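**Q** What follows is each chain in one-letter form.
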Amino acid sequence: MSATTMSGEPISATTAAEHGVDLLQGDTGEWELVVGLEVHVELQTRTKMWCGCSTDFGADPNTNVCPVCTGQPGALPVVNEQAVRDATLLGLALNGEIAPICRFHRKNYFYPDLAKNYQISQYDVPLVNDGWLDVEVPTGDGQSVSRRVRIERLHMEEDTGKSLHVGDTGRLHGADRSLIDYNRCGIPLLEIVSRPDIHDADTAQAYLRELQSIVRATGVSDARMEEGSIRCDANVSVRRPGDELGTRTEIKNLNSIRSLGRAIAYEAQRQIGVIEDGGTIVMETRHWDEGRGVTETLRVKESVTDYRYFPDPDLVEITSPAEKVEAIRTLLPELPAASRARLGEAGVTPEQAAAIIATGLLPWFDDAVAAGADGAAAANWLVGDIAGQLSAEGLRIEAAGLTGAHVAELIALIEDGTLSTKLAKQVVAGVIDARGAKGPAQVAEDQGLRQVSDEGELRTIVEQVVAANADTVEAIRGGNDKAIGALVGQVMKETRGQADPRKTNELLREVIG
Amino acid sequence: MVLTRLSAVELAQKLRTKDVSAVEVVEAHLERIAAIDGVVADGDVWRAVPADELTSRDIHAYLHVTAAAAREHAADVDRRRAAGDDLGPLAGVPLALKDVLTMRGAPTTVGSRMLEGWLPPYDATVTERLRAADLVVLGKTNMDEFAMGSSTENSAYGPTRNPWDLGRVPGGSSGGSAAAVAGLMAPLSIGTDTGGSIRQPAALTGIVGAKPTYGTVSRYGLVAFASSLDQAGPFARTVEDAAHLQTLIHGHDPRDSTSITDTPADLLTTLRDGIDGLRIGVVTELQGDGYEPGVRRVFEQALERFERLGAKIVEVSLPHAGYGLPAYYLIAPSEASSNLARFDGVRYGLRVDAPTAEEMNAATRAAGFGPEVKRRIMIGTHALSSGYYDAYYLQASKVRTLIARDFASAFEQADVLVSPTSPTVAFGLGDKTADPLAMYLNDVATVPASLAGTPALSLPAGTAEAPDAPQATLPVGLQIMAPLLRDDLMYRVGWAFESDLGFTPIPAGDTAVEVA
Ligand SMILES: [Zn+2]
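Protein chains in written order, with my numbering: chain Z, 1 to 513; chain U, 514 to 1029.
Derived by calculation from the structure, the hints in this document are not laboratory data.
Some hints could be false.
The list that follows gives simulated cross-link-like pairs (lysine-lysine, BS3-like), each with its CA atoms no further than 27 Å apart [said to hold, decoys possible]:
| hint | chain 1 | residue 1 | chain 2 | residue 2 |
| --- | --- | --- | --- | --- |
| 1 | Z | Lys107 | U | Lys887 |
| 2 | Z | Lys493 | Z | Lys503 |
| 3 | Z | Lys422 | Z | Lys482 |
| 4 | Z | Lys482 | Z | Lys503 |
| 5 | Z | Lys422 | Z | Lys493 |
| 6 | Z | Lys107 | U | Lys527 |
Residues from chain U shown here face chain Z by an in silico Cβ test under 7 Å; the list is partial [said to hold, decoys possible]:
| hint | residue |
| --- | --- |
| 7 | Leu735 |
| 8 | Asp769 |
| 9 | Asp857 |
| 10 | Ser898 |
| 11 | Tyr901 |
| 12 | Ala904 |
| 13 | Gln908 |
| 14 | Leu954 |
Sample of chain Z residues lacking proximity to chain U, with all beta carbon distances greater than 12 Å (derived) [to be verified]:
| hint | residue |
| --- | --- |
| 15 | Asp22 |
| 16 | Ala59 |
| 17 | Pro73 |
| 18 | Val78 |
| 19 | Asn108 |
| 20 | Gly228 |
| 21 | Tyr266 |
| 22 | Gly279 |
| 23 | Glu290 |
| 24 | Gln447 |
| 25 | Glu494 |
Computed from a predicted model, the values in this text were never measured in an experiment.
Glycine is no exception: its CB is placed at the ideal position from the N, C-alpha and C atoms.
Please build the complete structure, drawing on both the sequences and the hints.
**A** This is the structure we're talking about:
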């Protein structure tokens, strides 16, 4: 394949040195890794790209279908305006230029789950050109370095159906029969193609994570890798520093950000090994085997697939006049980089900020702060105990019914001494159990979870404990200060753990004299 | 009074005054279809007899006749009329639909084995609009497979015969729709025109046929041949009938992205305004060599008639018209190669089982498509393939742009353009089937307007002999081309010409079908 992009311009890659990335050490010298990522994002529009069918995930097979998305003879596509707006919004979020006029092409290939046997996509004139993304790549010491990855294009296309192969292997080859579900066929899809500006696995991961966060921030998709609403393929090659681009392989089946990093690291070493052993890299598509941690040949592109692209005569050009683009620009939400800066100012550590943004907890954070919570405390609770308990329960925060106001309430109860940290964790569990129907104060009250810091009440208990443990008291008076711990324990026992430990200590010393 | 000889406007008038009922009108047409078309007149949906059982007297215009549904619809129209309901201007008038438009309740075959028996799950917009206007659909008409052809001999279900001479073709690809109207088996029908598929059969069967401005008639439910060219339009025996029918089907459709949002021209108000002072452009490149002497003679007479009617004849040039045919035969097959990819045996139509999906696909397409369709898929696939795209598809697209510009500048010098519709009169069945290029040449005069998207109409200009039959009286068509969205002009010019000519659009002569 000639080294040009789909728009026909020469491919330009950065170098590892420009990004301050280390070269890879082979047996015969140093190698530079060159990676470009192709990310597909399924838009969460209400209806499909060309028809009025629902995009609901998980509906019964072939229930969200119509003549258009099943490619019935005579049916015609009509572009989903919301999808164009969403794509424009994401394009702007990625610092891209919106083409004033763009068009759709047909990408012709036969596959049973592609209803028309061509995919409507964009080719020479995509909606978005020349964007970029600054990604924060962790350096392992709690710090990070910022690297810019250029984005060649963002274009609109349609998803395919899903094939289910019935038979022993579960794969197409050797299947007894194949079933096809067209529910996904025609769901709007964006393809975001980076320039080959990535030179290590960490940056690739950071790029995908950042892209995922931006997609979520713009609200155009939930970008869940596990549900396939964001997918990533990696184009990987190696070269000697200063050389022309090497032959690349395309790696598919990357089901998590972790797989992306592992697969790139593996593929780089494999390619270096092949070349150093005197072999050559074949342009091919390789499948990442997560279990075995290897890439394997999926299909060799012995000849470049000829998709016979041509402008789709069923569709008209899409025009994006400046006024329309600027109107969409006003809808841009705060993007992750700005959120990170804002969280930093609120006293949130960079790691916690990254976690809040990546896990989509920012609205909860903001709600908690708006309800009066301290930023650092809110971040601590959200990415700490709350995230931990939700993950243990396998729940998303919205499903658990937890709100930002709950978080603020919880923190207020700690601050006014009503709850200890330990009790607060129990309260969180109670709120989750009630799926948010009860707030922290209500849970604490119902379960009698209250720190005993009332001086009169605590003093009575302390006096009882002192009276009942004369020996220990003697020992303390005799200079064995550590023995006071045993008395604190006794008070805790009497109060079922609800005594304020600091206060208990103070009162014990006072009573013992 | 022979109901089948009446025009749609005449029938509508008699229906309005309750001189006849819609049921009577439908019965008269069904009776004639049963008598001369070669159908098994039995059951709710009548089927054409199989190709090898057709006789040389069977017109074979219809593939399916929706007899029960037509009778039911007609009875309903009569009931509502009796109840005093406000009905559309042509309510109760029957018509035939080319089998390329989907309609629930009967198969849509597109003249192909690939879709034999396919029951579409939805109605085309054109079908919907006709139903809403209470036109009564009599059935689906024969056509060249996937609208690829100029004689209707490429139908997988056997050829249609020309009512003017049963040994000759009716033209194509909408030959069935043309023959149904010319053979008095429907006063109106719908065809589709990609490179001349309405105009050329209209010319060869002595009736009126129009290709509206591209984008004014919805393509939703029209099984695509070449999306950027396909356009449905009317057939009728009078210009006025055709104008009425086009009025019922044109207008914006949100289900077709290429549908024009502008309000289409009013075709009826100015119909009778005459042509005094209009400039009629004779296209230099669309006459002369390659046109039969009879066709040339009738065309010359037509120009004299226009002058007598007060029009001014001007000579205009479409310099790139000569490249129209090659450009057309690259663009249309290119689009077809992609449009027809969906016929893979997976979701509908024919399936030839095989061990793998790929083999099933190949076997299905090998068995389901006829030779002309395969030829065009191969031409189109080649023209789009990498390394050839620039030389073929892209170059053809540029020619198309040049032709559109030619039209635009020609329309600065003339209000409408005229030419013979077809270089020949109806030719004999089988005469050109062995020579695809000779067949393609039929479209030489119609293709330029298709590429430019401009509206064009064909109407009878007289009769002439055929080169192989000096005694024959066969219809000759006159093509009138108007600027984009000025369909009203071609109807106005056509009406003036028709009124003065006094042509009787009823087949006559020894070889013609019998008319009551
Ligand atoms: Zn649909």
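**Q** All hints are to be evaluated individually against the structure, with a verdict given for each.
**A** Going down the list of hints, with the structure as the test:
no. : hint                  : result
1   : Lys107(Z) / Lys887(U) : holds (20 Å)
2   : Lys493(Z) / Lys503(Z) : holds (15 Å)
3   : Lys422(Z) / Lys482(Z) : holds (23 Å)
4   : Lys482(Z) / Lys503(Z) : holds (17 Å)
5   : Lys422(Z) / Lys493(Z) : holds (15 Å)
6   : Lys107(Z) / Lys527(U) : violated (54 Å)
7   : Leu735                : holds (6 Å)
8   : Asp769                : holds (5 Å)
9   : Asp857                : holds (6 Å)
10  : Ser898                : holds (5 Å)
11  : Tyr901                : violated (10 Å)
12  : Ala904                : violated (14 Å)
13  : Gln908                : violated (13 Å)
14  : Leu954                : violated (25 Å)
15  : Asp22                 : holds (39 Å)
16  : Ala59                 : holds (19 Å)
17  : Pro73                 : violated (4 Å)
18  : Val78                 : violated (5 Å)
19  : Asn108                : violated (5 Å)
20  : Gly228                : holds (22 Å)
21  : Tyr266                : holds (31 Å)
22  : Gly279                : holds (28 Å)
23  : Glu290                : holds (27 Å)
24  : Gln447                : holds (59 Å)
25  : Glu494                : holds (75 Å)
The earlier numbered hints that this structure contradicts are 6, 11, 12, 13, 14, 17, 18 and 19.
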